[in-house]
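Full structure from sequences and hints, please.
Protein chains in written order, with the numbering used here: chain E, 17 to 355; chain S, 17 to 355; chain L, 17 to 355; chain D, 17 to 355.
Don't read these hints as lab results, they were simulated from the structure.
Among these hints, one or two may not hold up.
Any copy will do: because identical chains look the same in the list, a pair fits if it lies in one copy or spans two.
[Unchecked claim] Only pairs whose alpha carbons sit at most 30 Å apart, straight line, appear in this in silico DSS-like list of lysine-lysine:
hint, residue 1, residue 2
1, LYS91, LYS104
2, LYS162, LYS104
3, LYS182, LYS164
4, LYS104, LYS115
5, LYS310, LYS182
Number of protein chains: 4
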Amino acid sequence: MAGNTFGQLFRVTAFGESHGGAVGCVVDGCPSKLSISIDDIQKDLDRRRPGQSSITSPRKEEDKIEILSGIFEGKTTGTPILLLAKNKDMKPEDYGKLKDLYRPSHADLTYEVKYGIRDWRGGGRSSARVTLAYVAAGAIAKKYLKEKLGIEFLIQIEQIGGIKIKTVQEMTKLIETIKNEGDSVGGTICGVVKNVPIGLGEPVFDKLSADLAKAMFSINAVKGFEIGSGFNGTKMRGSDHNDSFFVDSDNKIRTKTNFSGGIQGGISNGEDILFRVGFKPVATIRKRQETVDKNKKTVVLEASGRHDPCVLPRAVPIVEAMAAITIMDHYLRHKAQNL
Amino acid sequence: MAGNTFGQLFRVTAFGESHGGAVGCVVDGCPSKLSISIDDIQKDLDRRRPGQSSITSPRKEEDKIEILSGIFEGKTTGTPILLLAKNKDMKPEDYGKLKDLYRPSHADLTYEVKYGIRDWRGGGRSSARVTLAYVAAGAIAKKYLKEKLGIEFLIQIEQIGGIKIKTVQEMTKLIETIKNEGDSVGGTICGVVKNVPIGLGEPVFDKLSADLAKAMFSINAVKGFEIGSGFNGTKMRGSDHNDSFFVDSDNKIRTKTNFSGGIQGGISNGEDILFRVGFKPVATIRKRQETVDKNKKTVVLEASGRHDPCVLPRAVPIVEAMAAITIMDHYLRHKAQNL
Amino acid sequence: MAGNTFGQLFRVTAFGESHGGAVGCVVDGCPSKLSISIDDIQKDLDRRRPGQSSITSPRKEEDKIEILSGIFEGKTTGTPILLLAKNKDMKPEDYGKLKDLYRPSHADLTYEVKYGIRDWRGGGRSSARVTLAYVAAGAIAKKYLKEKLGIEFLIQIEQIGGIKIKTVQEMTKLIETIKNEGDSVGGTICGVVKNVPIGLGEPVFDKLSADLAKAMFSINAVKGFEIGSGFNGTKMRGSDHNDSFFVDSDNKIRTKTNFSGGIQGGISNGEDILFRVGFKPVATIRKRQETVDKNKKTVVLEASGRHDPCVLPRAVPIVEAMAAITIMDHYLRHKAQNL
Amino acid sequence: MAGNTFGQLFRVTAFGESHGGAVGCVVDGCPSKLSISIDDIQKDLDRRRPGQSSITSPRKEEDKIEILSGIFEGKTTGTPILLLAKNKDMKPEDYGKLKDLYRPSHADLTYEVKYGIRDWRGGGRSSARVTLAYVAAGAIAKKYLKEKLGIEFLIQIEQIGGIKIKTVQEMTKLIETIKNEGDSVGGTICGVVKNVPIGLGEPVFDKLSADLAKAMFSINAVKGFEIGSGFNGTKMRGSDHNDSFFVDSDNKIRTKTNFSGGIQGGISNGEDILFRVGFKPVATIRKRQETVDKNKKTVVLEASGRHDPCVLPRAVPIVEAMAAITIMDHYLRHKAQNL
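Written out as structure tokens, the structure reads:
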């Protein structure tokens with residue numbers, strides 16, 4: 017129960033530190049006979065990889081994924097799938113001076129008190145690099161859900177630093193400005209999941225909404241999560257907020273509005289699943305900051321490692337992956353009991 | 017994995033339907049030798065009970081809790097604790113006419129499609145009545161956390177229908193107005209948890225923030241959750257948002273601000289844990305609504321059951337309970353590996 | 017993880033002490049629309065109930081089961097099923113003198129050291145009475161497996177005190193003799209499970225054989241478990257022990273022998289599942305025994321509570337129940353991933 | 017729940033096929049600050065490695081373990097530990113002709129029916145090679161238990177093919193004879209675990225005996241398991257079998273005999289834990305055997321791969337490892353709730 021496994025039936029057990037030997041995960045419980053190639057996974061990893069543009073960290077990890085078990089002649093066999101990326105381009109010397117101090121709003125202090133020991137190289141296990149495992153596992157879930165159920169994930173950046181994003185150019189310019197100031201910025205990502213069948217999610221503790229919330233809060237820097245109308249819905253009257261049922265032209269029961277965000281009583285109702293995820297600004301900034309060290313002395317910190325001024329562009333595939341893993345797990349759970 | 021158990025080491029397995037024989041839960045994993053009386057639990061249950069005032073449902077359940085195992089001579093023995101409240105004052109005839117139709121924004125349709133069968137009496141398992149189990153289990157967690165670690169929970173209503181709440185009178189008046197309109201309204205609850213030691217929470221998938229999010233989304237009608245700065249934080253710059261460390265007059269490392277909401281890298285950092293929970297307006301309203309029935313015919317629904325126009329007043333102890341259960345579970349997990 | 021839940025998808029969470037309020041369990045994950053009546057469960061409980069004959073404990077518990085949730089109009093709804101029997105005919109005064117001493121080969125000492133507190137009335141949680149919950153949950157599993165898959169359980173006593181049992185009369189006489197000596201005796205039960213489809217069981221850690229072993233060792237007094245050829249097979253050569261495949265007259269692949277006991281590589285192969293369970297003699301005897309008390313003083317113990325001289329007759333439905341729960345759980349697990 | 021994880025708090029998630037990329041495991045939940053070197057693990061792996069003598073398979077795997085996460089500067093950090101051995105010396109061509117047939121008493125048929133696909137190279141996931149992961153994880157558990165609690169594991173071969181083993185020479189000669197006959201043989205291993213503190217094990221479903229049983233049945237070829245007096249105890253009277261308590265010269269409560277095998281009511285009582293494990297003869301033999309293929313045709317099988325005529329010599333460290341993992345897990349569980 018040390019918290020490195022996500023899911024009940026589609027189980028992702030992640031491992032790895034930023035500057036250790038490798039990061040990755042074991043995916044257990046995947047149905048057999050699903051075609052999976054390195055490319056299926058690599059193309060999503062490439063979307064989260066740093067070093068892609070002027071607005072992401074220049075760390076040039078290749079993030080080259082290896083599949084070391086569970087696939088035979090291009091197909092899943094039903095046995096655990098080991099997905100692993102070796103760590104390269106490691107510059108622990110960048111971090112040597114950070115080893116005795118606690119960076120503000122990072123996990124340095126909490127890890128050290130919790131475990132009494134800390135791999136300080138690049139944030140160790142708290143590094144964003146561990147989300148590579150989420151994306152790799154998510155690629156498998158997405159492929160299954162797409163082929164089997166036609167489920168699609170549309171995940172996009174909604175606002176950065178409070179500014180609604182309309183174009184990539186606009187976003188890039190905004191982030192560059194902040195980067196040049198030596199600062200960082202947060203934002204929100206919104207997600208739509210289409211074609212989820214009615215019936216996914218358990219009604220009491222493991223509501224689909226609850227597990228999506230947990231999934232998103234498993235991503236570093238997430239501070240808020242909403243389903244459907246979210247916090248705006250808290251200001252509404254029931255008569256406006258209720259999603260009336262009607263029968264559509266295909267003779268299917270649908271809702272006229274979707275304030276529920278596709279989930280009612282914790283269970284998917286067949287409408288689009290709608291959610292929003294809020295990310296705080298990246299904690300690492302180039303600007304000088306005061307903090308304290310192990311000896312409780314005040315020190316001044318000026319970061320020089322390679323970091324993103326804004327996590328949002330790289331977070332899109334991570335959000336997508338966690339949504340896919342969650343829905344995949346609930347599909348298998350529903351199948352076990354009810355299909 | 018049918019989703020009726022919450023927690024890994026402090027495990028709450030809930031059961032019961034609104035109009036079945038009983039609702040309650042089994043609490044497994046509670047440390048032994050904790051003094052627990054019926055009163056410890058009953059006093060919290062009384063806070064969530066309907067029928068207390070003009071603004072809550074007139075259903076007059078006594079919610080009389082029975083403890084049927086796990087306590088001997090007033091103390092926990094380390095064995096599972098069965099907490100149970102018999103269902104009385106049941107008026108299933110109130111619901112008979114609802115049996116064939118799907119109430120808007122309720123779980124009627126999703127349950128029926130998921131399971132192919134539905135206990136339609138009072139919402140069955142999707143009834144708010146099941147949260148009685150949350151509160152009963154939470155009372156035990158709260159007592160342990162208070163006695164052992166001095167942890168305190170301050171949970172209160174922040175806004176209702178978009179209006180900040182300053183006094184109970186104000187709130188009562190607002191809800192009465194809405195009730196008279198035959199409508200319902202949502203709102204937000206904010207929570208502060210004080211004296212949580214550094215080190216609770218698992219760093220990757222089972223972050224303390226992630227499990228709090230899941231806990232809150234396990235409550236009916238929850239549509240949003242935030243930790244610390246939440247969605248507001250998404251608009252900030254890192255240089256403003258970072259919580260600088262300093263050494264306080266007791267020689268303890270603290271943070272000057274608390275945008276992190278007491279959790280860094282998924283682990284409690286010793287500051288107050290701050291969170292917000294958003295509730296949608298109650299789905300049951302007296303106003304006429306169109307919906308469809310099993311035969312896909314349009315029908316008009318006029319609710320006559322006993323319901324709350326606003327879930328917030330009764331949700332306060334539920335939020336408190338789920339926060340306590342989550343923190344209790346993480347305390348035991350931390351103890352297992354690290355203490 | 018306090019060990020009161022068995023199963024992953026068909027989950028039985030048991031509770032209760034011999035002389036507390038009630039014993040029973042919550043069954044979570046049962047598929048919906050299964051017809052279950054009180055009688056379906058009661059008839060198995062009656063088989064394990066004490067007070068039935070000259071050779072079982074005269075304790076006259078009615079073991080009257082109540083179903084308090086999860087069943088609606090005679091059918092499972094997919095929500096948790098609470099099964100509960102109130103404790104009656106309790107004579108804690110029988111046990112008062114046992115409160116400060118440790119009965120040989122009982123759990124008195126281990127509970128007291130583990131938890132620092134012990135419900136000494138009738139053995140508390142270590143009482144055989146808790147197996148009532150196993151039987152109640154097993155009755156549901158058996159019914160599902162029978163209706164859905166045609167699976168049958170044939171469980172019988174093989175030997176008592178080393179003597180092969182051919183007739184009930186013979187057995188009764190043997191146990192009566194031992195009872196009259198104020199002594200107790202052990203024995204073995206063998207089980208055959210018929211019509212298990214090919215494919216149940218997970219191949220590495222959760223082999224069907226491994227989970228059956230665990231299930232049987234969850235029953236008090238069990239000291240040994242064998243699958244198929246068991247310990248006898250350890251003396252054989254591979255050329256004799258291997259179960260050759262052949263194609264039968266129905267064009268099905270079968271094995272000529274069944275030393276494997278119906279499980280190969282941890283997975284059912286469609287042949288009868290064959291197992292044996294060994295029970296030690298009951299620890300409570302009327303004969304005088306020396307032991308020690310809390311103050312580490314030697315004391316003489318002469319039991320006067322109501323006990324069975326031999327656990328075997330009442331253990332048959334318990335073994336059957338645990339086998340059914342295990343197979344049910346693995347059927348749902350297999351269904352989730354592979355069907 | 018696909019069965020590749022063992023343990024609740026000390027969790028071993030295994031992966032890998034005989035002829036895939038690698039075999040190994042992720043160990044999650046290990047306490048931090050435990051010194052672990054490659055040597056600590058490698059020395060146990062060397063004990064289970066094939067190719068060591070005339071009586072084990074000549075496959076010359078180096079079984080070179082790599083630690084790719086969770087260890088920093090020679091110490092565990094509390095994060096997941098990835099242990100991995102690349103597969104080398106693979107000769108899948110040895111197995112090509114086995115691809116379409118079902119070897120007697122192997123898992124070929126059951127895997128194929130369960131998953132609809134099968135990695136036939138060297139038995140795939142059902143290969144004994146996967147137990148490398150058990151041994152690697154067990155080495156960590158053993159080290160912790162030894163350093164922290166002084167726990168020792170004494171595991172040895174008791175009999176082979178029904179012949180009690182007194183010397184290694186004797187055993188080697190026996191196995192060589194059988195090997196020359198092109199046959200295989202089974203046997204039993206007995207284990208003693210010393211210095212286990214009182215209190216490990218959960219009293220109802222997760223009895224220490226039950227989890228040890230499950231652990232041993234997780235090893236390929238295991239057909240029987242006994243605790244303490246085992247099946248012999250089933251023939252005894254209670255007055256002989258009961259372990260009387262007394263106070264020893266160190267003023268500790270002990271038992272005069274140990275028919276209980278160190279576990280009472282599912283919980284360790286401080287005496288030596290005693291158990292026996294029965295292994296069937298290896299299924300792969302050189303002798304000709306009839307079997308059937310995918311097309312349900314009878315075929316003759318003459319094995320030519322590299323196999324052990326007797327699994328016992330290599331099984332000793334595997335039994336030791338599974339015992340250590342089980343006790344480690346229960347120690348952490350006990351610590352969480354009770355220490």
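(request) Please flag the earlier hints that this structure goes against, numbers listed from lowest up. (result) Going through the list in order, the structure violates hints 2, 3, 5 and respects the others.
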